[in-house]
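There are 2 protein chains.
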Amino acid sequence: MSKDKKELKAKAVKLKAKVEVLKARLEAALAPASPAPKAKAANPVSPLAPAAFPALPVIAGVEFAAAAAGVRYAGRTDVMLVRLAPGTAIAGAFTRSSTRAACVLDCQAKLTANAEGGAAIIVNSGNANAFTGAGGQASVDAVTGAVAQALGVPAQRVFSSSTGVIGEPLPHDRITAAVPALVAGLDPAGIEAAARAIMTTDTFAKGAMAEIAGEGGPIRIAGIAKGSGMIAPDMATMLVYIFTDAKISAANLQKIVSRQVDDTFNAITVDSDTSTSDALIVAATGQGPAAEIRDLRGKVAKAFEAGLRGVMMDLAHQVVRDGEGATKFVEIRVTGAADAADAHKVAMAVANSPLVKTAIAGEDANWGRVVAAVGKSGAKADRDRLKIAFGDMVLAENGWRVPDYDEAAASAYMKQPELVIGVDLGLGKAAKSVWTCDLTHRYIDINADYRS
Amino acid sequence: MSKDKKELKAKAVKLKAKVEVLKARLEAALAPASPAPKAKAANPVSPLAPAAFPALPVIAGVEFAAAAAGVRYAGRTDVMLVRLAPGTAIAGAFTRSSTRAACVLDCQAKLTANAEGGAAIIVNSGNANAFTGAGGQASVDAVTGAVAQALGVPAQRVFSSSTGVIGEPLPHDRITAAVPALVAGLDPAGIEAAARAIMTTDTFAKGAMAEIAGEGGPIRIAGIAKGSGMIAPDMATMLVYIFTDAKISAANLQKIVSRQVDDTFNAITVDSDTSTSDALIVAATGQGPAAEIRDLRGKVAKAFEAGLRGVMMDLAHQVVRDGEGATKFVEIRVTGAADAADAHKVAMAVANSPLVKTAIAGEDANWGRVVAAVGKSGAKADRDRLKIAFGDMVLAENGWRVPDYDEAAASAYMKQPELVIGVDLGLGKAAKSVWTCDLTHRYIDINADYRS
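Chains as they are written, first to last, in the working numbering: chain L, 24 to 475; chain A, 24 to 475.
Each hint can be trusted.
The list cannot tell twin chains apart, which means a pair is met if one copy fits it or any two copies do.
Derived lysine to any residue pairs resembling SDA-like cross-links, with alpha carbons at most 25 Å apart:
no., residue 1, residue 2
1, K410, D286
2, K325, S456
3, K410, D257
4, K403, A364
5, K403, D129
It should be emphasised that the hints constitute simulated quantities derived from the structure, not laboratory data.
Only chain L is shown next, with the shape it has when bound in the complex (with noise of 0.2 Å):
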C-alpha cells in the first residue's frame, strides 16, 4: 500500500471514529434525560460492618472531593475527584474479563504514562459505562479531558472507573458540568466523602491505613473501596484507591501491587460473578519525609509491602462483609493441597458453593455439602485424607464423620458472626485463604431488581 493510501485509510479510521462519538453526544442529548435519576431507599447497613469509618492519615500531595452530580441517584454524592502532586508514581491492576469497560481499558493504557505533570483520578457511580460500543470511550475521553484542563495536568494522566449499570450510555455531561465544583472543593481530607460518592448497593463506606517507619520519617497508607456484589475479582479488584506518600518509582511499585493481590482482592468472593469494571489503583506521591524505598528486599520496603498488603487485605475483608444481604463472614482455609492452584480451586469451590451458602445462611453445620464442593473443584482429593473442621472443631476425617462427632456443638458454632471453615486435604503443603458471605434472601431482594 503506498504511503498517501496508508494515510487515508487512517484518516478514514479517524473519521469513523467521531462519528460514532458525535452519534453517542447526539444521542445522549436527545435522550428523554435518560433514565430520570430516582431516588434509592436506603439499605441498611450490614451486620458486619465495622463500628465506624477508621481515621485515615492525611497523605501529602493527595486532595479529595465529592459531588452529586445526578448520573443516575439523586440527593447523594455519586463522584469523586482525587488530585494526586507532579511526580506520583502509580501502579494498578484490573479485571481480566474480555467484556470489560472503556475505562478500564483506558486505565490500563494510561498505566506507563510519564508522571513529571500530576496526575487525577475521578470516578462515578450510577452507572458502569461498560458495553457501551465507542461511545463509551468518547465518555472517558470526555470526562478525563474535562478534568485535565480544569486541573492543568496531561489528560494521559488522568485516570477513570465507572461503576453501576451496564449497557446504558453514560450521562457524561452531567460529570463534566459537575468538574468545576469538584475543583473547587479540594481537600487533603476529603477522603471519606470520596469513599461515600462511589457507592452503589453498599451499605458502609470502607476505609483502611497503615503507617510504617521509612528512612528519615513515616511513610503514610490511606485506601478507599467500594464493592458489594459481582464480586469475584479475576487478578485484579473492585474498585479500590490507595495513597501512599511514600517514594517509589512506579515499576518497583507495580511490582509489589501485583504480588500482594492474589492473595488479598483475588481472595475474595461474593458471588461469583466477576465485574467488567474491576479497578486497583495505587499512587505513591513521594511527598511523604522519608527517603525513597529502592531495594525492594531492604527493611523498610519489606515493612512497606507488609503495611501496603494489610491495607489491600483489610478492604477486601470490607468488601465481603457488605457482600449483598450477608449476614456471615467466612474464611474457607485450605490446607494441604498438592499444589498452589488445587489449594485456590478447592477454597473457590466452597467459597462460591450455593449450598454451602445457604447452609451457613441457615447457620447449619451441613459439612456434606463441604464435601461435596471439594469433590466438585476438579483439584486433586482423597476422600479417605480429607478432614473437615469449623473453627477448632474437626467434624470428619477419614473418609467419614469423627466418632465422637457433636451435632449440638456444630450448630452452637454455625450461630456466630464469623466463621472458618477449614479443609484439609492431606495430600501436600500448598495452603490457601479465601474470604466469603452466606447466600440469604436479601441478595436476592437486591438482585432481582437493582437495574429497574
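Based on these hints, arrange chain A on the given structure of chain L.
Same frame as chain L, now just chain A:
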C-alpha cells in the same frame, strides 16, 4: 517380600476391613434410632412441571417395586427395586466428583460384569451414603447382597444408588428389611411408583419415553429420573434409570450413552453444585421383538440413538423444571464460539451466574449481566462482536445496545415462563445450548434448612 508375608498382609487388610464393617454395624445398631424419620412438609409442585406423569410403555424384561422403608422420611415410599431379565446389557455414566459415594464406586466396578445371570437395581432416597467411610461400602454390600439373595442374581449384577443427606451412616437394615416386600411387589407396570420412591426435594416424578421401529418390531424406551438441587453434572448425571427392550451389546450401548450424555445431562445446571451421587444407568433387556442392533452406523441404530437421546434430553429438562425454587425454564443458546470448549464455558458461565439468575427471577431484562458473565467465562470473546438476544429480540450487538432498543418489549418477554437467552460470539462456528432455571427466594428456603 515372601509369599507368606504377602498372604499375611492381605489377610490383615481383609481383617481390618471386616473390623470396620463390624464397627459400622455396631454403630448403626447402637445409634438411638438414628435421626428419627420425620415428616417433611410437602413442597408445592413446580410451576414448570409437566401436566402429568407420562404414560410409559411396559418394557419386556423389566419389573418395578417401591416400598416405604423409613430411611429418613415418614409416610412415603423411599426405596425402589428393579429386576432385569438375564442377558440385559447395562451401560452407565457417573459423577466425576473426587468425593463420590460408595454406591457410585460400586456401580462403576460392576458395569463390566457378565450379563448372563440377570440383574437388579435398588435405590433409596433420604440418605446419600456419601462420605461414610468403610461403613459406606459395608452398607452397599449389605443392601446389594440382600437383593442378590432374594432374587437369585449375582451380587456383581446388583447396582445400587442412594440419594439424600451426605455424611450420615446409612441405616441399611431398614432397607434390607424391606427387600422381601419389594420382591413380592415386583410389577412390569410399576415404573411410576418407582419414580416417586426416589424423589428427595423433587416436587414431581419424572418420566419419559420413546418408541422406534426396529427390524422385526418396535423398540421401546422408558426412563425415570430424580433431581432438583445440587445439579451441575460433571460428565454424568442425576439419578436416572432408562430401560429398553432393544437387543444390543453392552459395549455398543455404552458407546451411545457416552456420546449423548454431554448434550443432555451434562448440559443442565440448577445451582452449579455437582453431586457426590450422580448416576445414569441404561439397561437393554433384549426382550423385545426387534432384531439385535449391531451396526451403530445403520438406520435402526441411528433411530435408536436419537430416541434414547430424546428420552435423556426430556428427563434432563424435567430436572431443570424441578430446579429448587424454579419459576423460569431458561435455555442459554451460545453460537459463534471459537471452539466447542469455549461454547460450553460461556453457556455455563451465563447459566450459573447468580446475577443473571436473580435478574430472571425478577423478570428484569438485564442483558448487561449476560455480558459480564460472558466476560468472566475465560472463553475467547470480543466485546465488539458479541450479540445478545432474548428470544428473537436482539438487544445488543457491535459493542453496545441496539439503536432501537425497546425496554418495554424486553420486559414483556421476561414475564414468560420459558425463555431463550442467545449469545452469539461472532468468532467461529461452535455452538452449545444449556438449560437452567432462575434463582428465587424458595431456593434459599429449601436449602437453608434442608438437613435439619
